[in-house]
Amino acid sequence: MEKLKLRVSLNDRYFQVLRTVSGFGIATVCEGALCPNIFDCWGGGVATFMIMGDTCTRGCRFCYVKKGVPQPLDPEEPRKVAEAARLLGLDYVTITSVDRDDLPDGGASHFAATIRAVKELNPGALVEVLTPDFSGMRWAIEKVAYAGPEVFAHNIETVRRLTPVARDRRASYEQSLEVLRYVKELRPEIVTKSSILLGMGEEREEVLEAMRDLRSVGVDILVLSQYLRPSPRHLPLAKRYSLAEFKELEEEGLRMGFSYVVAHPLARTSYKAKEAYFAARKRALEAKGRL
Amino acid sequence: MEREVILPLELWPRRGGWVGKVVSALKREGESVRKGEPLLEVEIEKAILVVESPYSGVVKEIAQPGRPVKPGSPVARVEVYGEAQA
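Chains Z and B, in that order, are what the protein sequence lines are. Numbering of the first sequence is given in my numbering, commencing with residue 1 and proceeding in unit increments. Numbering of the second sequence is given in my numbering, commencing with residue 1001 and proceeding in unit increments.
If you are wondering where the hints come from, they were derived from the structure by calculation, not from laboratory data. We treat Cβ as the ideally placed atom computed from N, Cα and C, and that holds for glycine. Any given hint might turn out to be false.
[What the hints assert, rightly or not] List time: in silico DSSO-like cross-link candidates among lysine-lysine, alpha-carbon distance up to 30 Å:
(1) B:Lys1060 to B:Lys1021
(2) B:Lys1027 to Z:Lys247
(3) Z:Lys3 to B:Lys1070
(4) B:Lys1021 to Z:Lys5
(5) Z:Lys239 to B:Lys1070
(6) Z:Lys80 to Z:Lys274
(7) Z:Lys288 to Z:Lys66
(8) B:Lys1060 to Z:Lys66
(9) Z:Lys5 to Z:Lys272
[As the list claims (entries may be wrong)] Pairwise CB distance ranges, derived in the manner of DEER restraints:
(10) B:Pro1065 to Z:Leu254: 41 to 47 Å
(11) B:Pro1068 to Z:Leu285: 20 to 26 Å
(12) B:Pro1068 to Z:Pro236: 51 to 57 Å
(13) B:Met1001 to Z:Ser9: 21 to 27 Å
(14) B:Pro1074 to Z:Lys247: 38 to 44 Å
(15) Z:Asp102 to B:Glu1029: 53 to 59 Å
(16) Z:Gly68 to B:Glu1010: 20 to 26 Å
(17) B:Pro1074 to Z:Arg13: 23 to 29 Å
(18) B:Arg1003 to Z:Arg116: 45 to 51 Å
(19) B:Met1001 to Z:Phe15: 20 to 26 Å
(20) Z:Leu285 to B:Lys1021: 48 to 54 Å
(21) B:Glu1010 to Z:Leu254: 22 to 28 Å
Use the sequences and the hints to build the structure in full.
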């Protein structure tokens, strides 16, 4: 199957987003990960902020984000993110980060401060975070969860067998499940979310197992997307899934009880996150009504 | 006047290092093109980028398949309508 085609269309809103994030010196995962949706998202005035710098301490083999020794934290960053969100008029703010294994709390306090700053400066705004695993430190996860995000996402990324191949050695399948399980136990009202990138060499049954595992720890929103190798130095692509295969997995996911499943080659955790959140809430309310 | 079309530096603006190659020229030299119309396709590792013309005019020169490119690379020259010769 041929590579996906992306129309490079840079409109005024794209440049407004660029001026805003670069003016504040805030990194975005849209750029850092060479996200194929950047034209669509920035063109619609939306970006996903990547806090704590542009350099990750982990070396996952599927990810294009810079790896190495990161810069010290910018204590002003929470305020800058809040102001950038206000300038862009965002009512649904998606925030992710690089991993910061160099920090004692993995960056949890900085994450919490950013959530609070965004909510303070943007009353009524909803916040979705996509976090690292914080090396499984419960107290760090608590800091983020208690800062009050509406959605807490953490990605399992791939199936159990391929985790040591695709992800950094400090990440683990079980640890990621535990992060998601603990958030749900701590704050059941928070919507939890996780993504699986398909095409790294997994079998169908392994995908279904990962989906069941995510559901068993209470994950509400599942994102299934196509792995796209960012450079020849990254993990080779094993398979391109068809739209029909995505549709079939989406239906499986809904049967398993996820409130919402985003299944598309170009789906990414934060892509159209607001739409996924409201669709998940609607479906959860409808399910309650049927009880 | 003639204008150079470059592969925009604002694509993933603060994350350089990616390279690609032209896989198809969608216009021939001498053919007219409208602003916003697809001009050529560039393959990068992740996808195929369909690059639009930033100008309306006549294509004077266009990069052919196989040409390696990166952000900022010139990919075409367009004689722009409605602009006087310098």
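Results for each hint:
no. : hint                              : verdict
1   : B:Lys1060 to B:Lys1021            : holds (20 Å)
2   : B:Lys1027 to Z:Lys247             : violated (36 Å)
3   : Z:Lys3 to B:Lys1070               : holds (18 Å)
4   : B:Lys1021 to Z:Lys5               : holds (14 Å)
5   : Z:Lys239 to B:Lys1070             : holds (26 Å)
6   : Z:Lys80 to Z:Lys274               : holds (21 Å)
7   : Z:Lys288 to Z:Lys66               : violated (44 Å)
8   : B:Lys1060 to Z:Lys66              : violated (39 Å)
9   : Z:Lys5 to Z:Lys272                : holds (19 Å)
10  : B:Pro1065 to Z:Leu254: 41 to 47 Å : holds (43 Å)
11  : B:Pro1068 to Z:Leu285: 20 to 26 Å : violated (53 Å)
12  : B:Pro1068 to Z:Pro236: 51 to 57 Å : violated (21 Å)
13  : B:Met1001 to Z:Ser9: 21 to 27 Å   : holds (25 Å)
14  : B:Pro1074 to Z:Lys247: 38 to 44 Å : holds (42 Å)
15  : Z:Asp102 to B:Glu1029: 53 to 59 Å : holds (54 Å)
16  : Z:Gly68 to B:Glu1010: 20 to 26 Å  : holds (25 Å)
17  : B:Pro1074 to Z:Arg13: 23 to 29 Å  : holds (26 Å)
18  : B:Arg1003 to Z:Arg116: 45 to 51 Å : holds (48 Å)
19  : B:Met1001 to Z:Phe15: 20 to 26 Å  : holds (24 Å)
20  : Z:Leu285 to B:Lys1021: 48 to 54 Å : holds (50 Å)
21  : B:Glu1010 to Z:Leu254: 22 to 28 Å : violated (39 Å)
The structure fails to meet hints 2, 7, 8, 11, 12, 21 from the earlier list, while all remaining hints are met.
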